[in-house]
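Participant: Quick note, the sequences are listed as chains Y and B, same order.
Sequence positions in the first sequence follow the numbering used here and run 4 to 341.
Sequence positions in the second sequence follow the numbering used here and run 1144 to 1483.
Calculated from the structure, these hints are not laboratory results.
As the structure is a computational prediction, the values presented were derived from the model and not from experiment.
By construction, the Cβ of each residue, glycine as well, lies at the ideal position given by its N, Cα and C atoms.
Be aware that a few hints might be false.
[Stated by the list, open to error] What the simulated footprint calls covered on chain Y by chain B, stretch by stretch (three residues with Cβ under 8 Å from a Cβ of chain B suffice, anywhere in the stretch; the number is not a length):
(1) 145 to 151
(2) 232 to 241
[Unchecked claim] What follows is a set of in silico ranges between Cβ atoms, one per label pair, in the way DEER data are often shown:
(3) Y:Ala-130 to B:Arg-1218: 20 to 26 Å
(4) Y:Glu-233 to B:Leu-1406: 49 to 55 Å
(5) Y:Gly-172 to B:Arg-1218: 25 to 31 Å
(6) B:Arg-1218 to Y:Phe-151: 29 to 35 Å
(7) B:Gln-1259 to Y:Gly-81: 22 to 28 Å
(8) Y:Gln-136 to B:Arg-1444: 35 to 41 Å
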Amino acid sequence: MLFRFILSRLGSAAILAVGIILVSFVLTALLPGDAATSRLGERAAGNPEIVAAVRARYGLDQPLYVQFFIYLGNLLRGDLGTSIRTQKPVLSDLAQFGPASAELAIVATIVAVIVGVGLGIVASLRANGLVDQALRVVSLGGVSIPIFWLALIAVYVFSTLNRVFPSSGRLNPGQTPPSQVTGMYTLDSLLAGDLTLFASAISHLILPALVLSAPMIGLLLRFTRSSMLEVLGNEYVRAAEAKGLPRHTVILRHVLRGALVPVITVLGTAFASLLAGTVLVEQIFGWPGIGAYAFRSASNLDLPAIVGVTLFVAIVYITVNLIVDFLYGIIDPRIRRA
Amino acid sequence: MSLLEVDNLSIHLRGGRTLVESVSLTVNAGEIVGIAGESGSGKTVTAMTSLGFLPAGATATGEVRIDGADMLSMRPKQLQAVRGSDVAMVFQDPMTSLHPMLNIGTQLTEHLRVHQGLKRKQAWARAAELLELVRLPDPHSALSAFPHRFSGGMRQRIAIAMALACGPKLLIADEITTALDVTVQAGILDLLDRLRRETGMAVVFITHDLAVMNVVADRLYVMYGGRMAENGSISQVLNSTRHPYTRALIDALPEGAALGKALVPIPGEAATPDRRPSGCAFHPRCVFAVDSCRADVPRLRELEDGHLAACAVDPFGALPDRAQLLDIALATPKDPRVAS
């Protein structure tokens, strides 16, 4: 049953991916400008024979739907084109900057889940008390304070006023990155057994990750609280108490489990806004990730890079939603049947 | 000493509303004791105190003793030790009382492991026995299944197995057949009676359905408006009824109508903690009510051996003949639908 459920979700994710590729392809085709002449120098672009040869070479003389399949074929071979700005294949750019963003996003998400869900549980158990009121302010602040402002304040307080954390980069100046396995410096330095490097990587990671997690903490806190409160009124919670179970078992096993589905739904959408947040956070903290890459590509109208980033983010997003779907199935057995 | 002794229990909410007032009841080992009454009569609130549960924000006076230990003065840890082991509960609606996301085995074994310190394997073996005891088909595969696989009747059997896990001395059964089909009800009632005989546990059986009560209960308490109206053995209360409210409940039974008798609904609305009439709470709906019923709360009086009723008029007992009864009824004409 679970296997069929996973298979069906994988199938619909694949269809969604093709859909996104189609849309991004059509949008690129609609853009003004000639793909053939833009690849040529000024003189060559003036020569109709060369232009025609380029068109034939890249299949640009074919109808649009044939071009789409050529494009799909290129994608499957990992060919995302060459960045105009860096003059490197977009794929190798993504492989370089992707892991840095992934590291940031993953740590921010883990922090947000632990802090947001944890505080949400506390708020629901103290509903309308003083603690709950204070946490309501925390939640509201997390959701509504602009992330770039929070980032600047964090840098000012923790790097400029008190030198607790470094203000930018992934490592101290002069440190060589660990040999690339995952591309995430914290993991790679641990794998290499270099603890000084690991400490440096962590201290660079903490501040941007915390800033990035703030909106997600606010959202998760609010949703966990309301979902917990709803479940607390259920008869099965009273039944668990009537069995004489310890309080923490009732709260964590019975109430939290019942409350988790809406929280996970929010987690999926919150992750999307977290990805958007990386663009700002990476820019402010000098974090060489996809967000910073996207920012520079967009300001230079580097089309292949922009499309590459778009597809990358879309695929990450689809994957996250896939994980959310799987989590539903694991948590709530009733969903597996659908 | 009785197994459960509720002694002069009153429960108040903030703002002065009264849920239960001066209620006393006893349950002896191996007995099935019924508590009957409409919604708002306080029957569930009373029964829940035997697990140490009070409604949110409520305060209680009086005593609720299980084996002599007062549940109302216990600390949370002590309550946890009693709940699920000495006293267990089965809830009204098996569609909501089982956790939809935990498998049956986990729900059957978690309190076994807490209270009796069983290892996972032992607990699951015991859980399979329990499911056999409540006659659930194919108990072993049921353990790894989730509640949505089962029908309402099956789920209620599972909930009963859950309550029986630690061999409780007292089982609180709160309207456990109300949410079930009539055909399924009979099976559950049979099961309850068999379990009582096999395990010797006592049962507090809560229902508003006197026909069901007649089948299972040894003794019966009838509550109205948070007070005790009448209690005694099941035959005393149902066959020589002394309280007009009990009489009205019996006359309102559809089973009587099936035998050709008229079905008589109880006029007016049931008293609730928010709207409880003065004096005898039942007086606005009572055809026998006299002036004093409006002013004075009737005392629970022993009428015959072990048979008590709280009615100042006592229209079915103390009167010398039916003619005088009729006079009283005619002398106080009123529209019972008008609540005071």
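Participant: Each hint: holds or not?
Facilitator: Each hint tested on the structure:
| no. | hint | verdict |
| --- | --- | --- |
| 1 | 145 to 151 | violated (count 0) |
| 2 | 232 to 241 | holds (count 4) |
| 3 | Y:Ala-130 to B:Arg-1218: 20 to 26 Å | holds (23 Å) |
| 4 | Y:Glu-233 to B:Leu-1406: 49 to 55 Å | violated (40 Å) |
| 5 | Y:Gly-172 to B:Arg-1218: 25 to 31 Å | violated (55 Å) |
| 6 | B:Arg-1218 to Y:Phe-151: 29 to 35 Å | violated (51 Å) |
| 7 | B:Gln-1259 to Y:Gly-81: 22 to 28 Å | violated (60 Å) |
| 8 | Y:Gln-136 to B:Arg-1444: 35 to 41 Å | violated (53 Å) |
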